[in-house]
Structure formats: C-alpha cells, structure tokens
Amino acid sequence: VGTRARASDEETVALGADSVASGFHSSALGQQSLASGRGATAVGWRAVASGDLSTATGNDAIASGANSTANGRSSRATGDNSTAVGQDAQATGVNSTAVGQGSRATGEDATALGQGAVASGFHSSALGAQSVASGRGATATGWQAQATGELSTATGNAAVASGTNSTATGRAAQATNVNTTATGQGAVASGEDATATGQGAVSSGFHSTATGALASASGRGATATGWQSIASGELSTATGNAAVASGANSTATGRAASATGANSTATGQGAAASSINSTALGQGAVASDEDALAVGQGAQATGFHSTASGTQAVASGRGGTASGWQAQATGSLSTAMGNSAIASGANSTAVGRAASASGSDSVALGAGASATASGSVALGNGSTNDRANTVSVGSASNQRQITNVANGTARTDAANFGQLTDGLDDLRGYVDTRFDETDQRIDKFGAMNAAMSTMLASASGVQSDNRIAAGVGFSGGESAFAVGYQRKLSERATFTLGGSFTNDESSAGLGFGYGW
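Residue numbers (the numbering used here): 7 to 522.
For the record, the hints were derived by calculation from the structure and aren't laboratory data.
Here a beta-carbon is modelled for each residue, glycine too, at the ideal position from N, C-alpha and C.
Just so you know, nobody snuck in bad clues.
Label-pair ranges, simulated between beta-carbon atoms:
| # | residue 1 | residue 2 | range |
| --- | --- | --- | --- |
| 1 | Phe480 | Gly521 | 30 to 38 Å |
| 2 | Val437 | Gly515 | 31 to 39 Å |
| 3 | Gly483 | Arg434 | 20 to 28 Å |
| 4 | Phe480 | Arg417 | 44 to 52 Å |
| 5 | Thr418 | Phe441 | 28 to 36 Å |
| 6 | Arg406 | Ile282 | 43 to 51 Å |
| 7 | Gln425 | Gln405 | 17 to 25 Å |
| 8 | Gly414 | Glu511 | 38 to 46 Å |
| 9 | Ile282 | Gln405 | 44 to 52 Å |
| 10 | Asp471 | Glu511 | 31 to 39 Å |
| 11 | Gly517 | Asn413 | 54 to 62 Å |
| 12 | Asp431 | Glu511 | 24 to 32 Å |
| 13 | Gly414 | Val437 | 18 to 26 Å |
From just these sequences and the hints, can you work out the full model?
Here's what the structure looks like:
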C-alpha cells in the first residue's frame, strides 16, 4: 500500500511510499522502509530489518542481525540475537543488548543500559549513563562508571575498575591494578592485590590494605586502619585514627601513634617509636633510640638500648634502665628503680622511692638513700654517702647497726662484734701469758744474778792462786746455781771464768783483772 510500495514474497506486507517487504512473511511499514529478512518487521521511515526474524522500529532504525531488535531513531542491532533500544542505540555484538540514547553494546553477550553507556568487552555490562565496560566479563554500574579490566567491577558514579579482577565501589572509587578492591567515595587501590575501604582511602603498595576515611597504605604488605592512618613502611601496620607506621615491619596502634623506625612498635594514644627495634607502649610513651623500650604513660626511653618502665619514667643514658613513677636513669648504664628514683652517675644504681645515685659506679638502696661520691654505697632508708669507695648504712643524724654478720674468713672480710670480742679475749690472754713468761724470766735472771754474785764473793775471799767457788740465788720463786774458777796470774793480774744456770736458762762470763 503506497506509492511504489512492494511486497514481493509470500505473506508479505509493504505499507508506505517506497516501502519494500521482500522476505518471506516480512512486513515493511513506513516510507522507504525495508523488510528483507525472513519473518522480518521494519516500522518507520527508512527502517531496515534485514536479518531473519529481525525487528526494526523507528526512523532510520536498522536490525541486520538474525533475531535482532532495533527500537529507536537511528538505532542499530547488527549482531545476531542483539537488541538496541533508544535513539542511536547500537547492539553490534552477538547476543548483545544496548538500551538508552547513544548506548553501545559491541561485545559478545554484552549489555549497555543508559544514555551513552558502552559495553565492549565479552560478556560485559555497562549500567548507567556514560558508563563503560570494556574488559572481558566486566561490569560498570553508575554514571560514568568504568570497568576496563578483565572480570572487573565498577559500581558508583565515576567509579573506575581498570585492573584484572578489580572491584571499585563508590563515587569516583578507583581499583587500578590486578586483584584490587576500592570501596568508598574516592577510594583508590592501585597496588597489586591492594584493598582500600573508606572515603578517600588509598592503598598503593603491593598486597596493602587501607581501611578508614583518608587511610593510606603505601608500603608493600602494609595495613592502615583508621581515619587518616598511614602505613608506608614495608609490612607495616597502622591502627587508629592518624596512626603512622613508616618503618619497615613497624606497628603503630592507637590514636596518633607513630612507629617510624624499622621493626619499631608504638602502642597507645600519641605513642612514638622512632628508631630501629624501638618499642613505645602507653599514652604518650616515647622510644627514640635504637633498641629502646618505653612502657607507661609518658615514659621516655631516649638512650641506646635503654628501658623506661612506669608513668613518666625517663631512661636517657646509654643502656639505662628506669622503672617506677618518674624514675630517671640518665647516666650511662645506670639503673633507677622506684618512684622518683634517680640514677645520674655512670654505672650507678638507685633502688627505692626517691633514692639517688649521682656518683659514678655508686649505689643507693632504700627510700631516700643518696650516694653522691664515686664508688660510694648508701644502704637503707635515708642513708647518705659522700665519700668515695665507702659504704654507709645511715646518716650523720640516723646511724645504724649491722646485724647477723657471719664470721669473716679472709683477710679482707669484715669482722662481726663476736669475732672482735673473741679476738680481744685472745689478745688479752696472749698478753697475760707473755707478761707471766716475762715475769718468770725476770725472776730467773734475778736468781742467776744472785747466784753469780754469791759465787764471786765467795771466790774473792780465797788467797790461793787457783780458786773455785759456787753460789745459789733466789728471786720471785725461781732459783739458780752458779759456779766459777779464778786464777791468780801474778801479784797484779787475775783471770776469772764463771756461769749461772736455772732449769731452762743459763748465762756465762769471762773476766781479767790487773792492778798497779
């Protein structure tokens, strides 16, 4: 029906000027419409249905694929079993579907739904105005969403999933690498196997995870959990709002906690571990040197290999140890244990509340004890010592005894009172014995002198040339015997020989006399 309308096959219908229905059981309805496929239907000005069982509806619509459907002005359904619905919609892939103005479904089994949507990948789906699904098996849902990676999924306005097996969910979320997942407005997962969850979260390191608004995980294997948390070191972990773990293998746990040294650990609000192998545990705790350990609220371990344990404890000396509330170990290799204890001298030790060891190699043990001189030791509550290399057990106003002291055995051992008393008794007995022995010897010598005198007196009374005399003497209970010989050499000269004896003492004498 119509000027130059033609229906040239069985059961065909041509309606409209210059319309042509040439396929078996086909229908061409509209000016210059063409239905050439078997069982095809073309409806509209210059509509073309050339595929078997195809349908073209709308001005300039074309359905050329078998079982295809084109519905809308200038729509195109060229793939077998394809469907194009909407002005300028195009479904060119086998089993493809394009719905919406300017939509494109070019891949096999592809689906494009929305104004300007494009599904070009095999078995891909683009759902939303200007959405793009170009990867094999990709799905893009939302305005300007893009799923370009194989098996990728982009959900949300302007979401982008460009990596293989990537998933981007949320407005402007981006998953750009293999096996990445970005969830949340503006979230970005760019490292391989990375996961970013939360508004503005970013995970750029390999196998990294960022969870929380503005969280960032840039290190390899890093994990950042919490608002504005940052894990930038390799295998680092930052947990808590504004927590930072930038050192390799570092861990920061707590609000604003910071672990910046390699293998460092910071746990607690505002805790900071800034050096290699350092550990800070507690609110505001600080470990700032290598191998340093700070445990407690406000504790500070700033010396190499130092340890500060207790609220506001400070260990600033190299190898220093401070344990207790406000304890301070500021000297090298110093130790302070007890509330407010202070060890400021090198190699010093202060143990007890408010104990103080300021001298090098000094020791203060007891509450309030003080050792200020080098090598000094103060033992006991309130004891003081300001003399080098000495031990004090009290003070000038508070003296003490030392009890339960064992007997000394070496020359450098201390002696107890019992040993001292026994020693004095032994000395007294020894002195008495020596005096007794001396008295006895004096008596013996007195007896010998008496015997000698008696013997000489007896000899002098004899007028012969040869004289022999004997004498006996006594003194203080002792007795002695004396014997002697005298010779007259001339009228003017004599020779005398004599000896005196007791039971264990003896004496002898030799004499010569001359006269004129």
